[in-house]
Structures are given as structure tokens and as C-alpha cells.
Amino acid sequence: MKINRSGSAAWSGGLKDGKGTISTQSGALDAYPYGFATRFEGMPGSNPEELIAAAHASCFTMALSLILGEAGLTAEKMETSAVVTLEQQEGGFAITASKLTLKAKIPGADDGTFQELAAKAKAGCPVSKLLKADISLDAELLA
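Counting in the numbering used here, the sequence shown runs from 1 upward without gaps.
All the given hints hold, so there is nothing to weed out.
Derived CB-CB ranges, DEER-like:
1. Lys132 with Arg5: 18 to 28 Å
2. Gly14 with Ser65: 41 to 51 Å
3. Met62 with Glu140: 13 to 23 Å
4. Ala75 with Glu41: 30 to 40 Å
5. Gly92 with Gly69: 35 to 45 Å
6. Gly42 with Ser65: 30 to 40 Å
7. Ser8 with Glu87: 24 to 34 Å
8. Thr113 with Val83: 18 to 28 Å
9. Gly108 with Met1: 23 to 33 Å
10. Ala75 with Met43: 29 to 39 Å
11. Gly124 with Ser26: 22 to 32 Å
12. Gly69 with Gly42: 32 to 42 Å
No more than 35 Å apart at the CA atoms, straight line, and that leaves these computed lysine-lysine pairs for DSBU-like:
13. Lys129 with Lys77
14. Lys2 with Lys103
15. Lys99 with Lys132
16. Lys105 with Lys129
17. Lys99 with Lys16
18. Lys132 with Lys19
19. Lys120 with Lys103
20. Lys2 with Lys122
21. Lys132 with Lys77
22. Lys129 with Lys103
23. Lys2 with Lys105
24. Lys99 with Lys129
25. Lys129 with Lys2
26. Lys105 with Lys132
27. Lys132 with Lys120
28. Lys122 with Lys105
29. Lys122 with Lys77
30. Lys132 with Lys103
31. Lys19 with Lys99
32. Lys2 with Lys132
33. Lys105 with Lys120
34. Lys105 with Lys77
35. Lys77 with Lys2
36. Lys129 with Lys19
37. Lys16 with Lys132
38. Lys2 with Lys120
39. Lys2 with Lys19
40. Lys129 with Lys16
To be clear, the hints were calculated from the coordinates, so they are not data collected in a lab. Predicted model, so just to flag it, every value in this text is computed and none were measured. Just so you know, even glycine gets a beta-carbon here, dropped at the ideal spot from N, CA and C.
Build out the structure end to end from the sequences listed, making use of the hints.
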């Protein structure tokens, strides 16, 4: 099976004064604004790193759902956030890390099994495989 998904960006102007928009195939983002100020100065709008963070959090959570099911477990609730780090390095900027934080309520799971399955999902999720960054996971099993 091969699935293709698409996103696009448009840009006009220079780096600091230019303006861009991001769109996704699904329409979830349709000409949504981004630019230097939204990426580097904290202004409202999107940026590539938050999109990668959302993609990583959602991919990991779906992967864990699959892995839990294979172990005979079903999550009552899982909430995952991801923080993607963009750092200036010699030669330019690089995405150096993605930190996943998971809070999950999974009836019948013990913490050891939960940690093992979460680590497996972190390693196996397609977005984790794509990123060449340090990927960490802080997983908490809620009572």
C-alpha cells in the first residue's frame, strides 16, 4: 500500500518582510499565514515546526493505539503533545529534537508494559522514522 498526501506553501517577498501561506490537501489549512515573524518572533500564524510537532504527536498516538490493540489493550484516553526544537547551528538552522509528552488512561495496563509499548510506538511511528533528530518520550500512565 502506498499513500500520498500533499501540502503546499506560497511565498512572496524577502525573508524578513515576505509573507507566505500554507495549505493542506484536506483543507484543514487553506492559505494559512506564516512568515519570519511567526517562525522566529512568536507572532500569530503558523510555522513548519508546529506542523511537524502536530504531525509527530498524532502519528505517535495512532501508532500506540495500534500497538495497544495488538497487546489486547484499548486506551480510554491518550493526550500527546510534541515540542519540536529548531536550533541555529554552524551552517544554518536545524530541527534537533522532538519531545513527545503523553498522558494516557489505559484500563488493565501496568506501567512496565505501558512504557514498553509507548517506546515501541515512539520508535516505529512513521514520523519518528522521518526525523533525524533526538526524539524523547515522557509517558505517564494515569490511574
